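J.: Chain by chain, the residues run as shown.
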Amino acid sequence: MYVAVKGGERAIDNAHAWLAEERRGDRDVADLGVDQIREQMTLAVNRVMAEGSLYDPDLAALAIKQSRGDLIEAIFLIRASRTTLPRFGGSNPVDTATMACDRRVSATFKDAPGGQVLGPTFDYTHRLLDFKLAADGEFGEMPQTEPNAGETPHIMGFLDREDLIQSEPAGADTPDDLTRSPLELPASRALRLQALTRGDEGFILGMAYSTQRGYARNHAFVAELRIGAVAVEMEIPELGFAIDIGEITLTECETVNQFKGSKTEPPQFTRGYGLVFGMTERKAISMALVDRALRWKELGEDNLGAPAQDEEFVLYHADNIQATGFLEHIKLPHYVDFQSELELIRKLRREAQASEQATGQAEGEGPSGGSLKGKMKEGVAS
Amino acid sequence: MSDYNFAYLDEQTKRMIRRAILKGLAIPGYQVPFASREMPMPYGWGTGGVQVSAAVLTPEDRFKVIDQGADDTTNAVSIRRFFEKTAGVAVTEATTEASVIQTRHRIPETPLREDQILVYQVPIPEPLRFLEPSEVETRKMHSLEEYGLMHVKLYEDISQHGAIATAYAYPVKVEGRYVMDPSPIPKFDNPKLEMAGIQLFGAGREQRIYAVPPYTQVVSLDFDDYPFEPTKADHACDLCGATDSYLDELIMDDAGGRMFMCSDTDYCGARRAAGHLGAQGAPLAEDAA
Numbered sequence: 001m002y003v004a005v006k007g008g009e010r011a012i013d014n015a016h017a018w019l020a021e022e023r024r025g026d027r028d029v030a031d032l033g034v035d036q037i038r039e040q041m042t043l044a045v046n047r048v049m050a051e052g053s054l055y056d057p058d059l060a061a062l063a064i065k066q067s068r069g070d071l072i073e074a075i076f077l078i079r080a081s082r083t084t085l086p087r088f089g090g091s092n093p094v095d096t097a098t099m100a101c102d103r104r105v106s107a108t109f110k111d112a113p114g115g116q117v118l119g120p121t122f123d124y125t126h127r128l129l130d131f132k133l134a135a136d137g138e139f140g141e142m143p144q145t146e147p148n149a150g151e152t153p154h155i156m157g158f159l160d161r162e163d164l165i166q167s168e169p170a171g172a173d174t175p176d177d178l179t180r181s182p183l184e185l186p187a188s189r190a191l192r193l194q195a196l197t198r199g200d201e202g203f204i205l206g207m208a209y210s211t212q213r214g215y216a217r218n219h220a221f222v223a224e225l226r227i228g229a230v231a232v233e234m235e236i237p238e239l240g241f242a243i244d245i246g247e248i249t250l251t252e253c254e255t256v257n258q259f260k261g262s263k264t265e266p267p268q269f270t271r272g273y274g275l276v277f278g279m280t281e282r283k284a285i286s287m288a289l290v291d292r293a294l295r296w297k298e299l300g301e302d303n304l305g306a307p308a309q310d311e312e313f314v315l316y317h318a319d320n321i322q323a324t325g326f327l328e329h330i331k332l333p334h335y336v337d338f339q340s341e342l343e344l345i346r347k348l349r350r351e352a353q354a355s356e357q358a359t360g361q362a363e364g365e366g367p368s369g370g371s372l373k374g375k376m377k378e379g380v381a382s
Numbered sequence: 383m384s385d386y387n388f389a390y391l392d393e394q395t396k397r398m399i400r401r402a403i404l405k406g407l408a409i410p411g412y413q414v415p416f417a418s419r420e421m422p423m424p425y426g427w428g429t430g431g432v433q434v435s436a437a438v439l440t441p442e443d444r445f446k447v448i449d450q451g452a453d454d455t456t457n458a459v460s461i462r463r464f465f466e467k468t469a470g471v472a473v474t475e476a477t478t479e480a481s482v483i484q485t486r487h488r489i490p491e492t493p494l495r496e497d498q499i500l501v502y503q504v505p506i507p508e509p510l511r512f513l514e515p516s517e518v519e520t521r522k523m524h525s526l527e528e529y530g531l532m533h534v535k536l537y538e539d540i541s542q543h544g545a546i547a548t549a550y551a552y553p554v555k556v557e558g559r560y561v562m563d564p565s566p567i568p569k570f571d572n573p574k575l576e577m578a579g580i581q582l583f584g585a586g587r588e589q590r591i592y593a594v595p596p597y598t599q600v601v602s603l604d605f606d607d608y609p610f611e612p613t614k615a616d617h618a619c620d621l622c623g624a625t626d627s628y629l630d631e632l633i634m635d636d637a638g639g640r641m642f643m644c645s646d647t648d649y650c651g652a653r654r655a656a657g658h659l660g661a662q663g664a665p666l667a668e669d670a671a
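As they're listed, the protein sequences go chains A and B.
Numbering-wise (my numbering), the first sequence opens with residue 1 and increments by one.
Numbering-wise (my numbering), the second sequence opens with residue 383 and increments by one.
Okay, chain A solo, but in the shape it has when bound (with noise of 0.2 Å):
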């Protein structure tokens, strides 16, 4: 006899066993080392924790192992880590001026204090695959100079104190945090940005190139992007002053946007703004553009009913761990629900066939002529 679904504690147990054998793979090949997962695969580690909101580059990559190197799994295992940790406190907002900067680049001015520096960009290599990797990824002598000195300052401060950009009003001291309060709309643009940051890089870029086709087309140009170290600092009651509690790499995106003024705005630029963990330039530069797209009601703008606009769509559906969960949850039984559709539409099929028949009969048409089935296929066709 058929019994439904028996026995899913060992299917289960099975299944995770299964798991753990295909994750570890030929074991005539070497075990992947967690630190050389974090070396080497940096870029991965660096979406796991912008996505994960949790700067833990040790964390990410076990994660990315554990998860067979699927990255959005490997957010999700962060993300629950990260619900389980306890929280000591905000640190004071980090000061990107100051930063170390390994790359920055502006498209807005050919040179500025600071200068253009490339940095560790695949911008301008050209993707031929390199057959040398494969037999051994050592590389010969690397050329040296001594870093730059002092701070970089921002692009954006030089057309602000022209007056030529929108000014930025300043925001809560302390802002909402996302992750502590559920999202009511409309969101602050704090909220906005935090939603931005840890969503999917794929959505984002996708909404970015929305806009970029016409979809509230709001002409970027990249005005600064810069990846380096900054200090983090928190103040510490007890001591009262604040201290540095470690360093973190950012990737910071100022786009200026053309705009020509609206009912409430002089023509002026303004601004779209991304900031991400690791060395995440396309989601950075992603989310300003989102970002600015987000901002027309601030500014007068008129709403186009482009997607990227439309800040409960985007801000609803950016996020791969509530997205891949829902989807996935197809996946598990539905038989009650679908019971009750079978039978539904079992007795709306009777009831139509029943009167079916009854027209059918009164007009003196065979049953064939005019059966449900073939006016169902008619319908399908057209």
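Think of the hints as simulated: they come from the structure by calculation, not from any bench.
Check before you lean on any hint, since a few could be wrong.
[Said to hold, decoys possible] In silico DSS-like pairs for lysine-lysine, Cα to Cα no more than 27 Å straight-line:
| no. | chain 1 | residue 1 | chain 2 | residue 2 |
| --- | --- | --- | --- | --- |
| 1 | B | LYS467 | A | LYS331 |
| 2 | B | LYS522 | A | LYS297 |
| 3 | B | LYS614 | B | LYS555 |
No experiment lies behind these values; they were computed from the predicted model shown.
Given chain A, work out where chain B should sit, using these hints.
T.: Below, chain B alone, put in the same frame as chain A:
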């Protein structure tokens, strides 16, 4: 990493959830926003129910988890194990022995008592969502008690199909005020929503909690000339012979042969243990796979 707080969540978080639950109980059917946490299982797999269970469980509780009415479906097993591991609570498959029951898509057939809590997993808490996609709009509609859209939808069903074409997640009105989604339970279960136990609904991804206190009026929406009808497959259970329980339909062979059995496995098992047998019934021991 193995030392988690009782029932995984820290006490501050549980307190925040309990406040949302109390608010929900005070305003039956109202969706209370809460700061849903990321749980170690995916959104859409019961994280709302899990957070509510974590907030109400005490070490003395006895916990039961069902999915589609059954205790041994994989996700029910997974959630039960989670609380065995993180809360160390006793578990049971017997509805009558459980003090807290977490469920997905069913209400147990055995009526619940005043000392029992039923926790629902909710995918989309907003009953108006598929009529109006914007949360900003639907919250406004609830606050203005503007439910005309829902009645128009039900009316259009009748004019198009001759019947209300909603078979599960059938909307209800709670205590004459809020229209509420009872989660995707079959409409067969709707009459059971008026019960002695406390009913708590958790939607993790959508960050909402709502509740139906004991003995609260819950009315399935309908029209005078098209009254609400709870339906089930027109069969008796082939295992235990019950005619009053919701049935799963199983496909038995390549020719599409069918059999029907209770979706509530505890109810079915208890009936068979008491000697009831259906058309294809066998003594209980045989199917212990």
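J.: Next step is simple, just say for each hint if it's right about the structure.
T.: These are the hints, each one checked on the structure:
no., hint, in the structure
1, B:LYS467 x A:LYS331, "holds, 25 Å"
2, B:LYS522 x A:LYS297, "holds, 20 Å"
3, B:LYS614 x B:LYS555, "holds, 22 Å"
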